[in-house]
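Participant: Residue numbers (our numbering), protein chains in the order written: chain A, 3 to 426; chain B, 87 to 677.
No wet-lab data here; the hints were simulated from the structure.
All values derive from a computational prediction rather than experimental measurement.
Even for Gly, the Cβ is constructed at its ideal location relative to N, Cα and C.
Do not rely on the hints blindly, as some may be mistaken.
Below, a list of computed lysine to any residue pairs in the SDA-like style, where the Cα atoms sit at most 20 angstroms apart [as the list claims (entries may be wrong)]:
hint : chain 1 : residue 1 : chain 2 : residue 2
1    : B       : LYS676    : A       : GLU348
2    : A       : LYS84     : B       : ASP623
3    : A       : LYS132    : B       : ALA668
4    : B       : LYS676    : A       : ASP378
5    : A       : LYS388    : B       : PHE656
6    : A       : LYS166    : B       : ARG132
7    : B       : LYS609    : A       : LYS139
8    : B       : LYS435    : A       : ASP390
9    : B       : LYS674    : A       : ILE366
10   : B       : LYS670    : A       : LYS139
11   : A       : LYS61     : B       : SER616
12   : B       : LYS435    : A       : LYS139
13   : A       : LYS139    : B       : ASP123
14   : A       : LYS61     : B       : ALA300
15   : B       : LYS548    : B       : PHE644
16   : A       : LYS388    : B       : ASP125
17   : B       : LYS631    : A       : GLY63
18   : B       : LYS609    : A       : ASP85
19   : B       : LYS676    : A       : GLY363
Reference listing, derived: stretches of chain A covered by chain B, where coverage requires no fewer than 3 residues with Cβ under 8 angstroms from a Cβ of chain B [what the hints assert, rightly or not]:
hint : segment
20   : 159-172
21   : 183-197
22   : 395-409
The calculated label-pair distances, taken between Cβ atoms and stated as ranges, are [claimed, not checked]:
hint : chain 1 : residue 1 : chain 2 : residue 2 : range
23   : A       : LYS291    : B       : GLU655    : 23 to 31 angstroms
24   : B       : GLU655    : A       : SER294    : 25 to 33 angstroms
25   : B       : PHE644    : A       : LYS388    : 25 to 33 angstroms
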Amino acid sequence: MSKFVEIKIDGKVIRAEEGRNLVTVAKENGIFIPSLCYYEHIEPPLGTCRVCTCRINGKAGPACTERVMEGMDVEVNTETLKDTRKAIVEMMFAEGNHICPACEKSGNCDLQHMGYELGISSTRFQHLFKDRLIDFKPTRMVMEHNRCIKCMRCVVEVKTADGKSVFNYLNRGNETYVGIDYQQEARLSEEQALQAMQLCPTGAIIVKSDIMPKPFGDRKFDLQSEQKDYNSNESIVRKRISEMGKKKIATISLAGCFGCHMSLLDIDTELLDMVELVTFDKSPLTDIKRFSTRCHLGIIEGGCCNAENIETLRLFREHCDILVALGECAVWGGLPTMRNTIPLSECLEEAYLNSVTNEPGNHIVPYHEDLPKLLDRVYACNEIVKIDYYIPGCPPDANHIWKAVKNLLWGEAYSILYSEFKYD
Amino acid sequence: MAVSNIGSRPGKAKTEFRGNLLDELWKRQDVSGFISDADISTLAQRFNLADIEVEGVVSFYHFFHRKPTARFVIYLNNSIISETKGFVRIREAFERETGIMTGQVDRTGTFALFLTPCIGLSDQEPAALINFFPFTNLNAIRVKDIITALRNGASPASICDMPENNIRYMAPDDKSVFFRKFITGSAMARAKEIGAAAVIETLKQTQLAGRGGANFPTWKKWQSAMLQPAAPKYVICNADEGEPGTFKDRVLICTQAASLIEGMMICGYTVGAQYGIIYLRAEYRWLKHILEDVIKEYKEKGLLGKDCAGINGFDFEIRIQVGAGSYVCGEETALLESLEGKRGEPRTKWFFPVERGYMQLPTVINNVETFCAAARIIEMGAAAYLKIGIPGSPGTKLISVSGDCKRPGIYEIEWGMTVAELLELCEAEDPYYIQVSGPSGECISMKEKYRRISMLDLLSRKDIRCGGSFMIFNRQRDLVKILLNFSEFFKKESCGVCTPCRAGSFIIQRKLERLDNGLANEKDLEEIRSWGAIMRDTSRCGLGKTSTSSLILAIEKFHDYFEAKLDKEFNGLNLKFDMEAATKDYEKYKT
Ligand SMILES: Cc1cc2nc3c(=O)[nH]c(=O)nc-3n(C[C@H](O)[C@H](O)[C@H](O)COP(=O)(O)O)c2cc1C
Ligand code: SF4
Ligand code: SF4
Ligand code: FES
Numbered sequence: 003m004s005k006f007v008e009i010k011i012d013g014k015v016i017r018a019e020e021g022r023n024l025v026t027v028a029k030e031n032g033i034f035i036p037s038l039c040y041y042e043h044i045e046p047p048l049g050t051c052r053v054c055t056c057r058i059n060g061k062a063g064p065a066c067t068e069r070v071m072e073g074m075d076v077e078v079n080t081e082t083l084k085d086t087r088k089a090i091v092e093m094m095f096a097e098g099n100h101i102c103p104a105c106e107k108s109g110n111c112d113l114q115h116m117g118y119e120l121g122i123s124s125t126r127f128q129h130l131f132k133d134r135l136i137d138f139k140p141t142r143m144v145m146e147h148n149r150c151i152k153c154m155r156c157v158v159e160v161k162t163a164d165g166k167s168v169f170n171y172l173n174r175g176n177e178t179y180v181g182i183d184y185q186q187e188a189r190l191s192e193e194q195a196l197q198a199m200q201l202c203p204t205g206a207i208i209v210k211s212d213i214m215p216k217p218f219g220d221r222k223f224d225l226q227s228e229q230k231d232y233n234s235n236e237s238i239v240r241k242r243i244s245e246m247g248k249k250k251i252a253t254i255s256l257a258g259c260f261g262c263h264m265s266l267l268d269i270d271t272e273l274l275d276m277v278e279l280v281t282f283d284k285s286p287l288t289d290i291k292r293f294s295t296r297c298h299l300g301i302i303e304g305g306c307c308n309a310e311n312i313e314t315l316r317l318f319r320e321h322c323d324i325l326v327a328l329g330e331c332a333v334w335g336g337l338p339t340m341r342n343t344i345p346l347s348e349c350l351e352e353a354y355l356n357s358v359t360n361e362p363g364n365h366i367v368p369y370h371e372d373l374p375k376l377l378d379r380v381y382a383c384n385e386i387v388k389i390d391y392y393i394p395g396c397p398p399d400a401n402h403i404w405k406a407v408k409n410l411l412w413g414e415a416y417s418i419l420y421s422e423f424k425y426d
Numbered sequence: 087m088a089v090s091n092i093g094s095r096p097g098k099a100k101t102e103f104r105g106n107l108l109d110e111l112w113k114r115q116d117v118s119g120f121i122s123d124a125d126i127s128t129l130a131q132r133f134n135l136a137d138i139e140v141e142g143v144v145s146f147y148h149f150f151h152r153k154p155t156a157r158f159v160i161y162l163n164n165s166i167i168s169e170t171k172g173f174v175r176i177r178e179a180f181e182r183e184t185g186i187m188t189g190q191v192d193r194t195g196t197f198a199l200f201l202t203p204c205i206g207l208s209d210q211e212p213a214a215l216i217n218f219f220p221f222t223n224l225n226a227i228r229v230k231d232i233i234t235a236l237r238n239g240a241s242p243a244s245i246c247d248m249p250e251n252n253i254r255y256m257a258p259d260d261k262s263v264f265f266r267k268f269i270t271g272s273a274m275a276r277a278k279e280i281g282a283a284a285v286i287e288t289l290k291q292t293q294l295a296g297r298g299g300a301n302f303p304t305w306k307k308w309q310s311a312m313l314q315p316a317a318p319k320y321v322i323c324n325a326d327e328g329e330p331g332t333f334k335d336r337v338l339i340c341t342q343a344a345s346l347i348e349g350m351m352i353c354g355y356t357v358g359a360q361y362g363i364i365y366l367r368a369e370y371r372w373l374k375h376i377l378e379d380v381i382k383e384y385k386e387k388g389l390l391g392k393d394c395a396g397i398n399g400f401d402f403e404i405r406i407q408v409g410a411g412s413y414v415c416g417e418e419t420a421l422l423e424s425l426e427g428k429r430g431e432p433r434t435k436w437f438f439p440v441e442r443g444y445m446q447l448p449t450v451i452n453n454v455e456t457f458c459a460a461a462r463i464i465e466m467g468a469a470a471y472l473k474i475g476i477p478g479s480p481g482t483k484l485i486s487v488s489g490d491c492k493r494p495g496i497y498e499i500e501w502g503m504t505v506a507e508l509l510e511l512c513e514a515e516d517p518y519y520i521q522v523s524g525p526s527g528e529c530i531s532m533k534e535k536y537r538r539i540s541m542l543d544l545l546s547r548k549d550i551r552c553g554g555s556f557m558i559f560n561r562q563r564d565l566v567k568i569l570l571n572f573s574e575f576f577k578k579e580s581c582g583v584c585t586p587c588r589a590g591s592f593i594i595q596r597k598l599e600r601l602d603n604g605l606a607n608e609k610d611l612e613e614i615r616s617w618g619a620i621m622r623d624t625s626r627c628g629l630g631k632t633s634t635s636s637l638i639l640a641i642e643k644f645h646d647y648f649e650a651k652l653d654k655e656f657n658g659l660n661l662k663f664d665m666e667a668a669t670k671d672y673e674k675y676k677t
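Build the full structure now, drawing on both the sequences and the hints.
Facilitator: What follows is the structure in structure tokens.
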């Protein structure tokens, strides 16, 4: 009975059964339309995340809520559409508090994977840092609201044996979150709870006491990577470079942990080549405190948590031709931003006033003109100065860093392997 | 009332019909001032739902409270028009007189004070609702008197205002379509005379298009509903009028309820529907009795009920559903969800309402003005109607005018009038920035004052089509503040289901704040434009799609204005950063 129709996707003519879902049809024909909320057997499709936005018969709209029809003309991979879809995923990162290094689902997360897939290294949007709850009250699960992208999957799919909902949206607007019914949740079987966790495209639903089924190491997406290294046949190391020709680099760790600097040193023997090619000016590696000259490249680790960070960062901007934000903290604030959802006074009072001290009765919050002043929140570097490039990762892979540096300084072509670009 | 189960699916009624949930919640809200945990559980049980589902519904609508409120609940309007008419002073007055801050309830449980977006009284701002009774043209002294009277035992019903209709202008030479005298039953009688097919033909000839904002040809909607095989069918009147600055539907209900009812009946007759529902926004609860009275009258006259208007087999009933505070419920599919007792989340475009609407059955949804116009068109006939307006855009349009003008109110203009003419009629005072069709519409500058208001040239954008309102702002007004007010509105009223609107509105607001604080540069404006376009292309419903359109247009049309707000010293590298503000919290610890 099924009727076949002809549609066009990016100019390619495709025959497909009428009425089938466009995302699936595209996939079967080798055209990838990114999607997050789409879950094949949920009908009608949820259409909440909008990551699958394409142009259908000239009109922008989600592919996952489209049924294939005769003459349908779909644009998927135009530059604008690619950027639009990327923006939506960036929005999710900016909206939630996705601190991947601290997430159980890292490596098994559809959102994270979509980030890689679309090549996101930093978001164009300022992160919103909304204060959200981590709810330990449910019997079987922990609800990590920081990580929920409100895809609605759990809302429509997770039901008790007698068909009662377990999850539902609460509030509206930017206050919307997915509430959990403690009573109903307790009635779920162990297996149903695990299914809910798997259903969730992010790490928002975590089953208690369940050791993550997969160990850290190789993850489901790792296995899919078949990238080969790109070998540039002309290595700069082979060229002789005079002292004058050496490029000058400055580095700094602002509100970071020096982990990125450690990673910088992690290229082992290549380090010896490197010293031939560059000199380090102001940097913790050389312990040079002041810029002695203008530098070609400034590498920034960490975001800005105090006034001194801001001044230093501006100094770098003034003295460096190119500024690179190295690592998550520099890119968008990273782990230190965990305090961004809590008022500064609460943080300080917890740390200094309500804590135990070995000088009883001497509770004060340190304040001195020589101490840098703490900012109300941690700022990403690109909120303060223009950043030219971002190298994400926590920490970024050493090879990735040097490949990027070589490219920036000498234009050397390079490829980054998947293994060097996954940070979970 | 027997009508309260209109829409329940016959035969399947094991548990209570979920469509009654909103009414049940209202009962509890009205009686005890809030909805308690116990209420949630009881209702969940009655409707066979999980508690969280009821909780989800309650938390979606901002007139439902989960914490005790008070005997007198005050909702002060914080729309932009209210702001320009002294909102801040009025809020202070309320706070002073009641002794509570906004958002609070006093200890004795006498007063609670909340803010709410436009309540459809922009022609008499500042205005507030107290226990959903309207109080208009407020000033500090009146606030004091009102609160004193309430303290002394007066009821809000006894001291509230009866808002003026403020019909300022009708198309001259007997060309008024809406406000001419209406004789009960006349339009329906005419429809019966000419038959369903001719009704559709007449609407087609007269090019009646939806007056709720989307301008969809009404005849097409009715025709496709007529052709649907499923039954029963529904006719729904969208009286949610949530677009800030718009109040034409309010005035139509006050003055033309009969033609509204008859428009719905004609629609029901044409498409073969059995039930009509009016979705009335809670802000207009004070108008409910007007509709009820007319419905009652129609029933008594045999115009509603069984074999309506003497047409054999045409059974048609109308009930009223009151909303509970949510702008997005004006979006037709969100409205359907709300009618079904759910959160007002717009549906995807998987089905159209005429195919599967209310309870998955064929449904026609039209705006109040559309139904009124349909009744009038059938009553007067295509030929007479086509003489009004301009070729290609016949008829008249109701426009709600507010803001900086001497004569705010309703203007029934002939399509084809220019902006300049309208501004002159309402005696606009030094107009500078005009918001047409509300925050989700478009803004125009005085350079465009010779543009016509019509349904023509939609693509070339030569003429302006107007959803129903003109908000006029003079040169003293701060455009960024206006746009911030809009962005706050969209941020709060987004249903929260799709990413671009939920997160985007928030992000855009942060950008506007930067602009307001003088920290932005040209690149920020560029980003606003680009991000706004992304929201337009990716949002699920009209709310997100249009929420940035005025902003983008404003940057284009009032570029000089925005330019003056930018960081001039920006060298492309160091961004402006307010160090003082950022270290203010820490400075508190200076000893
Ligand atoms: C966010 C949003 C709010 C809306 N609010 C209203 C409203 O308050 N009243 C209305 O009649 N239409 C409103 N609409 C338009 C409706 O979706 C729908 O187009 C209209 O009710 C159809 O009736 P019409 O064809 O008679 O205009 C809104 C649309 C959107 C996207
Ligand atoms: S908890 Fe997970 S499945 Fe549920 S809405 Fe959030 S992201 Fe989606
Ligand atoms: S655009 Fe806004 S209101 Fe519309 S569905 Fe998306 S979140 Fe809801
Ligand atoms: S995958 Fe299409 S909207 Fe989420």
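Participant: Against each hint, give a clear statement of whether it holds in the structure.
Facilitator: Now the hints, each set against the structure:
Pair hint LYS676 (chain B) plus GLU348 (chain A) holds up; C-alpha atoms about 16 angstroms apart against a cutoff of 20 angstroms. For the proposed pair LYS84 (chain A) and ASP623 (chain B), the alpha carbon gap of about 13 angstroms is at most 20 angstroms, so the pair holds. Proximity of LYS132 (chain A) to ALA668 (chain B) is assessed by CA-CA distance (about 17 angstroms); at most 20 angstroms being required, the pair is judged to hold. Proposed proximity of LYS676 (chain B) and ASP378 (chain A) is supported: the alpha carbons are some 15 angstroms apart, at most 20 angstroms.
Among the hinted pairs, LYS388 (chain A) with PHE656 (chain B) is consistent with the structure: their alpha-carbon atoms are about 11 angstroms apart, no more than 20 angstroms. Of the supplied pair hints, the one linking LYS166 (chain A) and ARG132 (chain B) holds, its CA atoms being roughly 13 angstroms apart against a limit of 20 angstroms. Taken as a hint, the LYS609 (chain B) and LYS139 (chain A) pair is broken in the structure, with Cα atoms around 45 angstroms apart against an allowance of 20 angstroms. With a CA separation close to 41 angstroms, the supplied pair LYS435 (chain B) and ASP390 (chain A) exceeds the 20 angstroms bound.
This hinted pair checks out: LYS674 (chain B) and ILE366 (chain A) have alpha carbons roughly 12 angstroms apart, not beyond 20 angstroms. Pair hint LYS670 (chain B) plus LYS139 (chain A) does not hold up; C-alpha atoms about 36 angstroms apart against a cutoff of 20 angstroms. Distance restraint check for LYS61 (chain A) and SER616 (chain B): the Cα-Cα separation of roughly 18 angstroms lies within the 20 angstroms cut-off, and the hinted pair is therefore satisfied. Of the pairs offered as hints, the one joining LYS435 (chain B) and LYS139 (chain A) is violated, with about 37 angstroms between alpha carbons and a cut-off of 20 angstroms exceeded.
For the given pair, LYS139 (chain A) sits about 17 angstroms from ASP123 (chain B) by alpha-carbon distance, which is consistent with the 20 angstroms threshold. Between the alpha carbons of LYS61 (chain A) and ALA300 (chain B) the distance comes to roughly 16 angstroms, so the proposed pair stays at or under 20 angstroms and holds. Annotation: proposed proximity of LYS548 (chain B) to PHE644 (chain B) holds, straight-line Cα distance about 18 angstroms (limit 20 angstroms). Pair hint LYS388 (chain A) plus ASP125 (chain B) does not hold up; C-alpha atoms about 54 angstroms apart against a cutoff of 20 angstroms.
About 11 angstroms separates the Cα atoms of LYS631 (chain B) and GLY63 (chain A), which keeps this hinted pair within 20 angstroms; it holds. About 18 angstroms separates the Cα atoms of LYS609 (chain B) and ASP85 (chain A), which keeps this hinted pair within 20 angstroms; it holds. Distance restraint check for LYS676 (chain B) and GLY363 (chain A): the Cα-Cα separation of roughly 19 angstroms lies within the 20 angstroms cut-off, and the hinted pair is therefore satisfied. Figure legend: the segment 159-172 of chain A, annotated as covered by chain B; annotation consistent (8 residues with Cβ-Cβ distances under 8 angstroms, at least 3 required).
Proximity of the segment 183-197 of chain A to chain B, defined as three or more residues with a beta carbon under 8 angstroms from a beta carbon of that chain, is established by the 3 residues found. For a cut-off of 8 angstroms, the count of residues in the segment 395-409 of chain A with a CB near a CB of chain B stands at 0, and the three-residue condition is violated. Remark: the range hint 23 to 31 angstroms for LYS291 (chain A) to GLU655 (chain B) is upheld by a beta-carbon distance near 28 angstroms. Against the hinted window of 25 to 33 angstroms, the Cβ-Cβ separation of GLU655 (chain B) and SER294 (chain A) comes to about 28 angstroms, which satisfies the hint.
Separated by about 27 angstroms at the C-beta atoms, PHE644 (chain B) and LYS388 (chain A) satisfy the suggested range of 25 to 33 angstroms.
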